[in-house]
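So the sequence shown is numbered by numbering that gives the first Met the number 0: it starts at 0 and just counts up by one.
There is no bait here: all hints are sound.
Cross-link-like lysine to aspartate or glutamate pairs, in silico, EDC-like; alpha carbons within 20 Å at most:
(1) Lys-12 with Glu-44
(2) Lys-12 with Glu-52
(3) Lys-125 with Asp-58
(4) Lys-137 with Asp-58
(5) Lys-12 with Asp-58
(6) Lys-119 with Glu-129
(7) Lys-125 with Asp-15
(8) Lys-72 with Glu-104
(9) Lys-72 with Glu-105
(10) Lys-156 with Asp-146
(11) Lys-125 with Asp-113
(12) Lys-125 with Glu-136
(13) Lys-125 with Glu-52
(14) Lys-12 with Glu-46
(15) Lys-137 with Glu-52
No lab work stands behind these hints: they were computed from the structure.
All of these numbers come straight from a predicted model, not from anything done at the bench.
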Amino acid sequence: MPTHAYLALSDSKSTDYQAGVEAGFSAVIGVVESVDIVSGPGMLEFESVFSLEKLVLDDEVCGYARRLARGFKIDEEHLAVDVIEDVCWARSFLSHMHTVRMFREEHYVPHVFDRSRRRKAPSAFKRAHERVREVLEKHEPESLPSDIEVELDRFAKELFSARGIRMPNVQ
Numbered sequence: 000m001p002t003h004a005y006l007a008l009s010d011s012k013s014t015d016y017q018a019g020v021e022a023g024f025s026a027v028i029g030v031v032e033s034v035d036i037v038s039g040p041g042m043l044e045f046e047s048v049f050s051l052e053k054l055v056l057d058d059e060v061c062g063y064a065r066r067l068a069r070g071f072k073i074d075e076e077h078l079a080v081d082v083i084e085d086v087c088w089a090r091s092f093l094s095h096m097h098t099v100r101m102f103r104e105e106h107y108v109p110h111v112f113d114r115s116r117r118r119k120a121p122s123a124f125k126r127a128h129e130r131v132r133e134v135l136e137k138h139e140p141e142s143l144p145s146d147i148e149v150e151l152d153r154f155a156k157e158l159f160s161a162r163g164i165r166m167p168n169v170q
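Go ahead and model the full structure; you've got the sequences and the hints to work with.
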């Protein structure tokens, strides 16, 4: 049975450290407990405030949580004993093709969090704000295929009718 939970939300009044920690820990709880549907990313002040910037940052947090949920393989290829023997003391593991391949496969790379060494990089909130602007300006929502839209309308009418409720006229 599908499960739903309010996770990745925060009691903080702003998109700050508290909001990040609360969102992060509850997102991890969600993946550890296999929650299917999560409401909460972007929410502050216990569901009273919604922040698009926090939503973007929470997406990063959820990316880390999803990576954790995937787990870590402990097998011959991932332990890479042959690579250890090959590299030994002579070279760096970072230049070995196995490391490059595993890094791409195993590592979560965030889109907004900054891992550069620049000293004057914009804050995570500013980068999230820029991402919000970019999405709002460029995103083209996809419409549902008409057959699915018709089926959903039929289902909703049937559901409302069975409960004696007049379905609102929404266009």
